[in-house]
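First to last, the protein sequences are chains A and B. The first sequence runs -16 to 197 under this note's numbering. The second sequence runs -9 to 323 under this note's numbering.
Just so you know, not all the hints are guaranteed correct.
As the list claims (entries may be wrong) - With a Cα cut of at most 27 Å, we get these calculated DSSO-like pairs of lysine-lysine:
no., chain 1, residue 1, chain 2, residue 2
1, A, LYS174, B, LYS74
2, B, LYS25, A, LYS121
3, A, LYS145, B, LYS119
4, A, LYS174, B, LYS258
5, A, LYS151, B, LYS278
6, B, LYS278, B, LYS258
7, B, LYS25, B, LYS278
8, B, LYS(-6), B, LYS158
9, B, LYS5, B, LYS158
10, B, LYS154, A, LYS33
11, A, LYS144, B, LYS249
12, B, LYS74, A, LYS145
13, B, LYS211, A, LYS174
14, B, LYS154, A, LYS60
15, A, LYS33, B, LYS249
16, B, LYS119, B, LYS154
17, A, LYS(-8), B, LYS150
Hint data in this document are derived by calculation from the structure and do not stem from the laboratory. Note that the coordinates shown come from a computational prediction; the quantities given were computed from them, not determined experimentally.
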Amino acid sequence: MEKTKWLEKAAQAILDADEAAAQDIAEKSLAAGMDPLEMINEGFAAGIRKMGDLFDRGEVFLPGLVVASDAMMAAVKILEQALPKDKQDQKMGVIVIGTVEGDIHDIGKGIIVTMLSVHGYEVHDLGRDVPIENFVTKAKEVNADVVGSSAMMTTTQLGQKKLEEALKAAGLRNKVITMVGGAVATDHWAKRIGADFYGESPQDTLEKLKERLN
Amino acid sequence: MNAKERIMRVLRHQKPDRMPCFGANSTVTYDQMEKVQAFWPEAHENGEAMARQALAAYSVLGFDAVRIPFSQTFEAEALGCKIKPGGSEGIPGIDSPPPYSIDDTPVFPYDFLSRGRIPELLRAVRILKNETDDAVPIVGGIIGPFTIAGALLETVPLLKASFKTPEKIRPFLEVGEKAGTALGRALIDEGADIIACEDMTASPALIAPDTYRDFELAYQKRQFDAISVPKILHICGNVDQIVEWMGKTGADIVSIEPKANCKLAREKCGPDIILMGGVDTVTTLLLKDTDTVKQECQKTIADGIQILAPGCAIAPGTPTENLLAMIEVAKAH
Chain A
-16 MEKTKWLEKA AQAILDADEA AAQDIAEKSL AAGMDPLEMI NEGFAAGIRK MGDLFDRGEV
44 FLPGLVVASD AMMAAVKILE QALPKDKQDQ KMGVIVIGTV EGDIHDIGKG IIVTMLSVHG
104 YEVHDLGRDV PIENFVTKAK EVNADVVGSS AMMTTTQLGQ KKLEEALKAA GLRNKVITMV
164 GGAVATDHWA KRIGADFYGE SPQDTLEKLK ERLN
Chain B
-9 MNAKERIMRV LRHQKPDRMP CFGANSTVTY DQMEKVQAFW PEAHENGEAM ARQALAAYSV
51 LGFDAVRIPF SQTFEAEALG CKIKPGGSEG IPGIDSPPPY SIDDTPVFPY DFLSRGRIPE
111 LLRAVRILKN ETDDAVPIVG GIIGPFTIAG ALLETVPLLK ASFKTPEKIR PFLEVGEKAG
171 TALGRALIDE GADIIACEDM TASPALIAPD TYRDFELAYQ KRQFDAISVP KILHICGNVD
231 QIVEWMGKTG ADIVSIEPKA NCKLAREKCG PDIILMGGVD TVTTLLLKDT DTVKQECQKT
291 IADGIQILAP GCAIAPGTPT ENLLAMIEVA KAH
């Protein structure tokens, strides 16, 4: 099978949110001698970008995007093992991310973690219900470039503001880019608390991050 | 005209003396806790503290109804979910692991109403009934089927199942519906005048609108059919894509956030549905001043809101003057 066919099939498996098909294509493409990095970037990632666009346009909904990003992760896992060691270590930036304390919502953040990982970022996912000090400790430990926080509830959103303050107090605020997301976050909110930007969707986050890291 | 007459007139599509204002969701703040000397976590666990705190909506804010409870955990706890305490500043949440996975068959326990903190919640309604002398409506809160299903399975597995194997979610919606209905009827028996159903997880921010139409709608209808008093349906976020079906559940009042399009809601739901909502809870009520609150109230009233309310549960740090500003606007309409 020719190269463009492999890439198309990879993208289609993600659009179909079909994890078994994505894994199967990843394995077979390697056996056929395809470049794993090309399969990730121009095949599977093209599929998830398209899903992201459809999500932004309201044609695909969160459940579809979650299942598609699972399929993406499964395929990437197979392909990454086939990458040469130096390629595996090349990272776009180091990101620490989590849902703030008191908030157990994990979904939006889970998708962002997948998207950032497959686009070459080193992502440290602290999970959900994360105490503010854990963001700071982890950011120091891994020498983070970016700290992202998610809040889904009006009652927990203030955690994002506390995080800004805690990063300042720890002397890290000038060293990291901060991004906020979640159902209750907005551009206005990001400005108000002094975060660098609000990521409205996976696509939006990737673009804004690229702008600021370059 | 007392608060109850005012709201009942709106529900009968008659003109009240002025616009009513109250929360479909929790309106408790730290400030009110101090004023009525009832605090968290007691007010999530003890009927007396709960009643005292609920009463603050009327006695401190001047709102037209009192509302209990202040968290979304009562049904879930009684169905076997682990509760994560919220301490003195936060609301209790649901902890992992969830009691079920998607291939399990969930059980509705025969002694549901005597489980967890439900007896205390019911006691709070009895106390409120005595205290309010039937002049202030008591709003009893229940949780919608999809949101309870999300507690039983955790939200992510539920969402994935709604996409991959949607038929498997039905038994969970079924138990969720039974739980909310049983609680709603018990609240009415104790004196609740209105039932408010919060169904956060049924928002298009989380599930596909088709899933709402093809799965959730039937359970919501069944629930509202079984509840004799006026019903509020509250779903968070931008509900434009499902608001038409929200209006077909049997709800008397549809409660929406400012993110949703109020004019569209009127167009889709028709004239019989009462629309409730008004002010964004974080960007405005928590963070802005009274002038901005008033402006936002005026705008939503112009867009067709008939009961002024915070768009969702308010953040507990919300300043009292911003809530008083809402009632001030209501009094002028």
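Taking the numbered hints from earlier one at a time, note which ones the structure violates and give those numbers from smallest to largest.
Hints 1, 2, 3, 4, 6, 8, 9, 13, 16 not satisfied by this model.
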